[in-house]
Amino acid sequence: MSDPGKIIEIEVLRYNPENDEAPHSTVYKVPFTDDMSVLQGVQYIKDNFDGSLTFRWSCRMAICGSCGMMINGVPKLSCETFLRDYYPNRISLEALAHFPIEKDLVVDWSGFMEKLESVHPYIIPKEKRSPEEGEYLQTPEQFGEYIRYAACINCTLCYSACPQFGLDPDFIGPGALAILHRYNMDSRDGGATRRMELVASEEGVFTCSAAAYCSEVCPKHVDPANAVNINKINASKDYFLRFLRPKGES
Amino acid sequence: METYKADVVIVGGGGAGLRAAIAVAESDPLLKIALVSKVYPMRSHTVAAEGGAAGARQAHDSFDFHFHDTVGGGDWLCEQDVVEYFVSHCPTELTRLEHWGCPWSRKADGHVNVRAFGGMKIERTWFAADKSGFHILHTLFQTSIKYPSIKRFDEYFCVDLVEDDGRCRGVVVIEMATGEFTLIEARSVILATGGAGRVFRENTNGGVVTGDGMALAYRHGVALRDMEFVQYHPTCMPVTGLLFTEACRGEGGYLVNKDGYRYLQDYGLGPLQEKPCNKYMELGPRDRLSQAFWHEKQKGRTVEGPLGSVVHLDLRHLGEARLRERLPLIYEMAQTFLGIDPAKDMIPVRAAVHYTMGGIRVDGHCASSLPGLFAAGECSSVGIHGANRLGSNSLSELLVFGKVAGDSAAEHARQASYGKTGALLKQARAARQRLMDIKTRTGGKEKTAALRKEMAQQMEDGCGIFRMESTMRTTCDKLAELRERFENIVIEDQTSVWNTEFLTTVELDHQLDIAAAIANSALNRRESRGAHQRIDGYGERDDANFLKHTDAYYVPGGPPRIEYGAVKITKSPPAARLYGAAGEKAEQERKAPHV
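Residue numbers (the numbering used here), protein chains in the order written: chain F, 1 to 250; chain D, 1 to 595.
No wet-lab data here; the hints were simulated from the structure. Among the hints, a few may not be true.
What the hints assert, rightly or not - One side of the interface only, derived from the structure: several residues of chain F facing chain D at Cβ under 7 Å:
| # | residue |
| --- | --- |
| 1 | Tyr15 |
| 2 | Ile71 |
| 3 | Asn72 |
| 4 | Gly73 |
| 5 | Glu117 |
| 6 | Ser118 |
| 7 | Ile147 |
This one's a predicted model, so the numbers in the text were calculated from it and none came from an experiment. The C-beta atom is built at its ideal place from N, Cα and C for all residues, glycine as well.
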């Protein structure tokens, strides 16, 4: 354990739409121990210095996806980022980039939610099956095709990393496209055709400029950049095949 | 005040709430559903469940085995007819979830695999690596998007129920992003708001687990049943309380004390087994394992360090490859939060609060005593967990009883009418006024965060793994004092947008009522059963006087009124609760006369 006397400076970009014309920085001096996360740091500020400081959090174990923020300019989950790794330097916290700020570190996620909803993120069964018939069988290979993309916790760090989303808020974006890909790759699913329209649309994969920073910041190693790349190829194939296939086949 | 009308309003977007919403939507697409959640549904605490969900599926397993494990695990305080329904519906619901896309871990032949879990005689826990709750929640949430009749109220906080003519007719909610109040009128109301573990200091729960729905039902005259039964999970991270799943032991992990000794063999769970053996050693039930941890500490056999007293969870012999396959989240958590490699180092763990066995009293149809009000999941007490829940029964509960609640509420909605809007609005305005008074009052000196901390410490001191009259009484008294001090809380933030200082004060308001229900229910149960253990002369189970459910009723301005209700026994008369070799012997003797 650390020397209990250590104090770290945490600079938070504050914004309250009712009082502030523009976001402004406030610096807090926070006593900390080596086991303390950035989330625990902001909780300390809220409980001891300023009850109005606002941020989302819940699980504390990097699975609920609530507590993302820009930490020294990098999108991270604050619950699994530790103050000790920044000390003795000042640490700066801002709301997730590329999203409108609602208050302090809370961003407006309604756009992301609409995108998630738009990709048909559910099994569209190839063949109907009742529970009495038992489960669909899935070989380890079939399972391996989609499981990594099913690990997305919807934290949206990838959106804050994505330069194209920063330029074009309509871009479906890495997270929702990874989830789209997750369902397309699932052997139980037969909905790929419906989803491919979206993939190839104006807001789809071709907006991506292949920076691949999304995969780098993903806390769950989902690799959305790879999902987007595969779909660029699929969408191109799909485009050409449409001219080659007789009508009615897909 | 804005109003909205739905046929069914569901409060809580976790596993139970989502499953209920889907059930209503499937039963009748014309029913309008309002799904209210104070976080986006996929942030709900179901997300953090790790180990898996129980449902008999192997040829040598049976509903009867699952039933007996559950009833014995609950120290015979279960509603046995409800348990019978539960165990026979688990596999169907788990299969349905597979059809919806849940990535259950598979065997090489493509079939769903199952793993061993504590207190379960046969391996029957379906799992998705060690992120079972995460995958269940996301599967349910994403599937719910299919149904246009489900209208979500994401990040709306429910602060009251409204009644008319003796029936529950809707809810009052605050939109967190604006601070605006809305009345949602409904023919049926389902509470699915989760547990209340955050009333304790060291716990595995997310910040959202504040018992809101329990408090709302309680204040409207519905009994909170068996609240004294609070589960301590034996393997949690020191200080933060983060969970290391029971699946660590299901996969073969050991628990050892400071001498490297597998101490569970000293607590009626032996003899020592090298390989995981169901209902032996590390695969005993959670209450027994947490109690064994406490005893080891008393004996000075825990490891004392900067993080306090711990024992060690030893997974090293499982090897990195198996850990990465079966327990990837645990692997990462040990690395990230403790800086250790579980393939090379032992994990320091201790018992922490995990689950609220009790809750809103409902019947087997998830109906409460207030007509029109239903409840499902951890906020409810439908009767399957008794005095101690078995690991992996709660995720199955969400599915089985989420559906039951949805079906019941849909059926009720088809027959019930709406309340009188004027009368409901009047109540909603009164609820708003009460909360705005809390928000704007001046002159006091108390802070929400400080009171919350004191409450959580009191609960740990008085209602921990072992309990005594004197400390429980102190806790009850202090909680009453905190309730008075709550009136002197001053909120600095007077703005409307995303005022979490205000909202956490409303949560504390709920938590103080729940804490008092737990502590007073515990004080009144003068016996030891399951997770309620006393060391002040009431160390034995007392079926003559306490084979009964506790019903705590809300009394404004005072401690709850405690009553007792009958326990439904169908086919398992109370017997000695034994594990390890003693348990096996007793089971053989019970069977013998019938052979």
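*Which of the listed hints are broken here?*
1, 2, 3, 4 and 6
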